[in-house]
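Chemist: Residues per chain are reported as follows:
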Amino acid sequence: MQHFLTPEIMTCAFLIVGVVTAFLYGRGLATSRAQLTADSAGAHSLPSYHGYFSAWTVALLAIGVIALWVTFSGALPKFMFPTMMLGAIALGFIIINRLLTPTFRARNHVERFVGDALMICSGVAVLTTFGIVLSLVFESLRFFDQVPILDFLTGLNWSPQTALREDQIGQSGSFGAVPIFAGTFMITAVAIFIAGPIGLLIAVYLSEYANKRTRATVKPLVEILAGIPTIVYGFFALLTVGPAIRNFAEGFGLSVPTQSAIAAGSVMGVMIIPFISSLSDDVINAVPQTLRDGSLALGATKSETMTKVIFPAALPGIIGAFLLAVSRAIGETMIVVMAAGRAANLTGNPFEAVTTVTVQIVSLLTGDQEFDSAKTLAAFALGLVLFVFTLVLNVIALLIVRKYRERYE
Amino acid sequence: MSANAKTSIHQTDQALGRLAKRKAKENRFRYAGIAAVVIAMVMLGWLVVSLVGTGYTAFFQHYLTITVTLSESDLDPHGARDADQLRKANYRKIIQQALYSRFPDVTDRRGKRSLFHTVSASGATNQVRQMVYQDPDLVGRKITITVPTSDDVDQLLKGHIDRDAPEDLRKVSDQQIEWVDQMVASGDLTLEFNWRFFTSADSRDPELAGIAGAVVGSIMALGVAFMLSVPVGVGAAVYLEEFAPHNRLTDFIEININNLAAVPSIVFGLLGLAVFLNFFGLPRSAPLVGGMVLGLMTLPTIIIATRSALRAVSPSIIDGALSLGASHTQAVFHHKVPLAASGILTGSIIGMAQALGETAPLLMIGMVAFVTEIPTSVMEPASALPVQIFLWSDSAERAWAERTSAAIIVLLLVLITMNAIAIFLRSRLERRW
Numbered sequence: 013m014q015h016f017l018t019p020e021i022m023t024c025a026f027l028i029v030g031v032v033t034a035f036l037y038g039r040g041l042a043t044s045r046a047q048l049t050a051d052s053a054g055a056h057s058l059p060s061y062h063g064y065f066s067a068w069t070v071a072l073l074a075i076g077v078i079a080l081w082v083t084f085s086g087a088l089p090k091f092m093f094p095t096m097m098l099g100a101i102a103l104g105f106i107i108i109n110r111l112l113t114p115t116f117r118a119r120n121h122v123e124r125f126v127g128d129a130l131m132i133c134s135g136v137a138v139l140t141t142f143g144i145v146l147s148l149v150f151e152s153l154r155f156f157d158q159v160p161i162l163d164f165l166t167g168l169n170w171s172p173q174t175a176l177r178e179d180q181i182g183q184s185g186s187f188g189a190v191p192i193f194a195g196t197f198m199i200t201a202v203a204i205f206i207a208g209p210i211g212l213l214i215a216v217y218l219s220e221y222a223n224k225r226t227r228a229t230v231k232p233l234v235e236i237l238a239g240i241p242t243i244v245y246g247f248f249a250l251l252t253v254g255p256a257i258r259n260f261a262e263g264f265g266l267s268v269p270t271q272s273a274i275a276a277g278s279v280m281g282v283m284i285i286p287f288i289s290s291l292s293d294d295v296i297n298a299v300p301q302t303l304r305d306g307s308l309a310l311g312a313t314k315s316e317t318m319t320k321v322i323f324p325a326a327l328p329g330i331i332g333a334f335l336l337a338v339s340r341a342i343g344e345t346m347i348v349v350m351a352a353g354r355a356a357n358l359t360g361n362p363f364e365a366v367t368t369v370t371v372q373i374v375s376l377l378t379g380d381q382e383f384d385s386a387k388t389l390a391a392f393a394l395g396l397v398l399f400v401f402t403l404v405l406n407v408i409a410l411l412i413v414r415k416y417r418e419r420y421e
Numbered sequence: 006m007s008a009n010a011k012t013s014i015h016q017t018d019q020a021l022g023r024l025a026k027r028k029a030k031e032n033r034f035r036y037a038g039i040a041a042v043v044i045a046m047v048m049l050g051w052l053v054v055s056l057v058g059t060g061y062t063a064f065f066q067h068y069l070t071i072t073v074t075l076s077e078s079d080l081d082p083h084g085a086r087d088a089d090q091l092r093k094a095n096y097r098k099i100i101q102q103a104l105y106s107r108f109p110d111v112t113d114r115r116g117k118r119s120l121f122h123t124v125s126a127s128g129a130t131n132q133v134r135q136m137v138y139q140d141p142d143l144v145g146r147k148i149t150i151t152v153p154t155s156d157d158v159d160q161l162l163k164g165h166i167d168r169d170a171p172e173d174l175r176k177v178s179d180q181q182i183e184w185v186d187q188m189v190a191s192g193d194l195t196l197e198f199n200w201r202f203f204t205s206a207d208s209r210d211p212e213l214a215g216i217a218g219a220v221v222g223s224i225m226a227l228g229v230a231f232m233l234s235v236p237v238g239v240g241a242a243v244y245l246e247e248f249a250p251h252n253r254l255t256d257f258i259e260i261n262i263n264n265l266a267a268v269p270s271i272v273f274g275l276l277g278l279a280v281f282l283n284f285f286g287l288p289r290s291a292p293l294v295g296g297m298v299l300g301l302m303t304l305p306t307i308i309i310a311t312r313s314a315l316r317a318v319s320p321s322i323i324d325g326a327l328s329l330g331a332s333h334t335q336a337v338f339h340h341k342v343p344l345a346a347s348g349i350l351t352g353s354i355i356g357m358a359q360a361l362g363e364t365a366p367l368l369m370i371g372m373v374a375f376v377t378e379i380p381t382s383v384m385e386p387a388s389a390l391p392v393q394i395f396l397w398s399d400s401a402e403r404a405w406a407e408r409t410s411a412a413i414i415v416l417l418l419v420l421i422t423m424n425a426i427a428i429f430l431r432s433r434l435e436r437r438w
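If you read the protein sequences in the order shown, they are chains A and B.
Counting from 13, one number per residue, gives the positions in the first sequence under my numbering.
Counting from 6, one number per residue, gives the positions in the second sequence under my numbering.
Keep in mind that the hints are not guaranteed to be accurate.
[Said to hold, decoys possible] Simulated crosslink set (DSS-like; lysine-lysine; CA at most 25 Å straight-line):
(1) A:Lys320 <-> B:Lys28
(2) B:Lys26 <-> A:Lys320
(3) A:Lys224 <-> B:Lys30
Calculated from the structure, these hints are not laboratory results.
So here's chain B without its partners, still in its complex pose:
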C-alpha cells in the first residue's frame, strides 16, 4: 500500500488538508497557552513597574539650606532660658525672616506668604524648636540649617508638576518657580536621601510622613501573632499527627481546620471586634489585638505546614527510637519534631509573611488610627504597614501617591526577603528519605 502513495487514503488531498487543519489547531492551542502565561507575566510586570515607577522618587527629597538668626528678642525676651518659654516661642517667624532676608525684594504680604510656602512650615519650625530646646545656648546665634521643602516644591523639582501648565491650574505659582530655580542655581536647594521616610511616623504633611510608626506597629503585631500561632499551631499539628485517636472528634477538628483556612480574613476581623474588643474589653487599635487576630488567622496555615513536615519524616526514625526503649512522647519530641523543624520553620515564615500583608482584619479592630508617634508598647494605638498604605492611598495628591508606592515597595521587599529565606531554608535543610 505504501509503495503507491497516490492510492493511500492518508495521502489524498482531503486527508492532507484535514491533517494541516488539525496541526494548525494544535498550534493555536499551544500558542493560547503561551499567551496565557505571557498575559499573567505582563500583569505582574505592569504592577511592579507602575508601583516602582511612581514610588522610587519618594526615597529622595529636596532640602533647602538656609541661615536663620535665633535672635534673643524673638525667642527669649526675658533672657531666662526657661524651657517652657523656649518651647512656645515663635519659630515660624524665625524661618520667615530667614527666607525674607534671602529674597529682600519681596515686600508685599502675598509674596511673602507664597515665599514661606516653599518650605515645609511645620517641618522647619519643629526642627529649629528641637535644636533650641536641646541646646538653649544657640539663642542669639546665627545657624545654618537644612529643612525639607514643601511637598509642592519637591514635586515640581521631581518633574511631577508640569511647569508649562497654566499658572492657575498648577499648585506652584510662576513666582515660586522663579525662587526655586534661583535657590537651585545657588546650590542651596539639593536632592538628598529621604531618611525621614524611614525614621518618622505618620504626618499630615507628605514631606514629613514616614513609615517608622507603621513598621514598629507591624513588628509588634507580628511578634504577638508569632507567639500565639507558632506554639499553638505546632502543638495542634503534633497532636493531630501523632497522638490523636481516630474518632469523630478528631475528624471534626480536622475538617474544622481545613475550613478555617478558607474563611475570609475580614471575618477574623469581625471575630476580633466582637470577642477581643467588645467581650474582653481590650483596647482598640492596639497591636496586641491585631496580633491576636492575625495569629488566629495564620493558625491553619501553620498547622497544615507542620503536619506535612511531620508526615515527610521517615517512619523508621520513630521505629528506631521506640525499639531503643524511648516512650512514644520521647520518640516524637526528641527525634521526629527536630527533624521536621526546617519544614515547620518554613511554614511559619510563610504564614507570617501572609499575616504581614493582611489589612482587612486590622481595619475591623480599629488599627486605622492616625498615629503620629512611634508606639512603644503593644497596648498603645498603632498602625501597621499595610494599613498605613491604605490610609495614604486615600489622599489624591501626587506626593501621597509617591509615598504610598514607596511604602508598598518596602512591604514587597520585606515579603520577598521573608519568602527567599523560607525557600533557602527549605532547599538547605530539607532532608529526603
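If we strip away everything but chain A, and leave its shape as in the complex, we get:
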C-alpha cells in the first residue's frame, strides 16, 4: 500500500478534505448566524450557497498555492509546501468567517462563479481547435525549413527514408507529396462512386416509396453501417474483400494485389453509404410538399416527380451531403492503413496499391524515431494539408446546406 501515498495523492486528499470542511463550515455558520438575527427579514441566501461559496474560496486559494508550487518548486525547501497549503486553507477560513453574514449575497457570487466555470468549459472546445492549428502549423513550419513547401506540394517522388548516418548519400529522403494526394483522391473517388448512387437511391426509396414500417426498420439498419468501427471495416477489407477481388480478377486472367485502391475504396464506400443516405433523406424531406403535390396533380409518376422536380430542388443539399461524405472519406484512416498499401505509387489504375495521406501519417509516426527528423515533421505537414482540406470542404458544405434551407423557410 506504500506506493499509493504519493505526494500527488496526499495533496488531492488534503484539498478534498479542506474543501468539504469549508462547505460544511460555511453552511453551518450561515444557519447559526441567521438564527441569531431572527428578528430581521432573514438571510439573503440559502445556507447551502454560503457553503458553496466557502468551498470555492478555499479551493481557489489551495489551487493557487499548488500552481505557485509547480512554477517555483525548485526554489523552495520541501517542507514549505504543506505549510503553504495549511496557510492557504486557514486564510480561506478567516475570509469565510469575516464575510458570511446574513446579508452577504452568497448566491449571486456562486452563480457568477458557475457562469464563469461554464464559459471556461466551452472555451475548452476553442482551445482544442487552437491546439490543433498551432501544433500543426508550428511543426509544419519546421518541416518547411528543411523541405521547401513547393517541393512538398508539387514533387512527384515520395520516399521519406532519411539517412541513418551523416555521410550517407542518396538517402536524404524526398518529400514530393503528389503521389499521396493522387492516391487519396483515387480511393475517395472509388468510395463516392459506390456510396453515391447507392446512398442516394436508398434515400429516395425511403422518403418516397417505403411505407412507415419498412422505413422504421431499414433506416436504422443502414445506419448501423456508420456505427461499425473503421478498424472492423479495415480487417473486413483485408480478410475478405481484398482476396475476393483478387480471385475475381484472376478469373479474367488479371493479377490484382490483395491491397488495392479498389478494395479499400469499395469498403470505404460501404462505410459512407449512411452519411449520404441520411443527409440526402433529410434534404429530400425538406422539399416542400406543395412541389410534390403539384407535380403529381399534373399526372407525373413518382419517379418523374423525383427526377424532374424534387431532385433539382434538393440538388444543393445533396451536393452538400456528398461534400461531407468526401471529407469523411479523405480523413478516414484505418481502412486505408490496412487495405490500401504503404508505398507511394503515382498511377491512374484503381487495381494497383496506392497510399493516402492518412496512411503516410500513420507509417511516419509509428515506430521509434527522433522527433525532429524531417520524416516525423512531414507527418505534421500532411496532417495540416488534411485538416485544411477537410475544413474547407465542411465549411462549403455547411454554407450550401444553410443557403438551401433558407430558400424554403
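Got chain A sorted already, so can you dock chain B onto it with the hints?
Modeler: What follows is chain B alone, placed relative to chain A:
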C-alpha cells in the same frame, strides 16, 4: 368524349405505349431503390458473416491432458526448495519427458522435437512453473495437468489446416497428425472453452494471447475520456444554450464546435502527440493520454447532443420556475438540466461508443506497444481493444486471423450493448411536450 373510347387521344395505341413505358420506368426506378437497400444489407450481412465465421472458433481451444513427473533431481537438485532455484529450473524438460513417455517409440531427435511442438511450449512450461512456484511441495510428485496445444495442432483439429495437402505445404507433419489422432482417440486431447482469451494479455503465441490487457486499457482510456468530455461537454452546452450572450464570440464558438466535429480523428492524434507528449511530456502509450485525446474527440458529439436535449425541454418549465422566484441559474440547474438528463446520458453513451471503436488517434500517441501484462494504472503503457485488433491483423497465420475476428466480435458486442442501452434509455425516459 369518354363515351367513344376509340376517339380519346389517351386511348390510342401510341398513348398506351407511352403510358406502358412510363410505368415500366417507374417500376425500374422503384426496383433500383430496393436494390440499393438490398446491396447495403448484403454488405452488412457479408461483413458480419465473414467475421463471425472466421472468429467464433477462437472461443474454443484444444487442450492436452498429460501426466508430468516433477522429479526432484530435475527441479531442485539441492533439495533446498529455494524460490529462485524453482523459478529457474528446466520445466521444458519436464514437459518433454512427459510427452516422450507417452510415445515411447519416438527415439530420434527430430521426432522428439516435432512431438514437443504439438503442445504450446511456453504455455505448458509457464503453467508448471507457476504451479510449482506456488506450491513447492509438488516437487517429487506426479501430477496430471491440462495444457494448451500448439496453434498448429489447434488449427488442424479445427479443420483450418488441410490434412490432404502435400506434407511440405502444411505446417503439421504426417507424423504429428498421427500422434494428434491417437491423443484425440484416447480422450486426452479435448476442445474446451477458451477462458485464456478473456483473462490474459497479448502474447507472441496465438494460443496464449488474450484480450484482457487491451480491454483493461480500453476501459481506463474510456474512463479518462468520460471524466473529461462529459462534464466539460455538458458545461459548454449549458453555457451556449442558456447563458451565452448572442455576440460574435459565441457565434465563433458555435462554428468552432461544428467544425471540430468534422475534424478527422487522426488529427486529434497529432494534437495529442504534439501537445500532450512533446509539450507536456506525458508518458507515451499511456491510457491517460489516450483517454484525453478520445475525450477531446468526443467533446463536440456530447455538446451537440446535450444542446438538442436541452432544447427539447419545454420553455414553460423555465417560465414556471422563474415565476416562483427561482433565479435563472436555479431554474436551469434544478429543473431544465434534470429533465434533459436522459438525452444527455444517451448522447454520452453514443459518444463513448464512438471513442471505444476509435483506433487512429491511439496509434499516434503510441498505444500500439506490445504489452504482455494487464496494466494497473493509467500511466502505464497499455493497448486498447481496437489497437489490439490492428496489431493482430498484421500477422498472416490462420490462428491470428481467428483471434482478430474473435476480438472484433467482442468489440461489436460491446458496441451493440452500449447502443441498445442508449436506445432503451431514450425510449424509456424521453418525455415529449
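Chemist: If a hint holds in the structure, say so; if it does not, say that too.
Modeler: Quick rundown of the hints versus the structure:
Only pairs whose Cα atoms come within 25 Å are accepted, and A:Lys320 paired with B:Lys28 is accepted, the gap being roughly 16 Å. As the CA atoms of B:Lys26 and A:Lys320 are separated by approximately 17 Å, the hinted pair is consistent with the 25 Å bound. Of the pairs offered as hints, the one joining A:Lys224 and B:Lys30 holds, with about 24 Å between alpha carbons and a cut-off of 25 Å not exceeded.
Comparing the model with each earlier hint shows no violations; every hint is respected.
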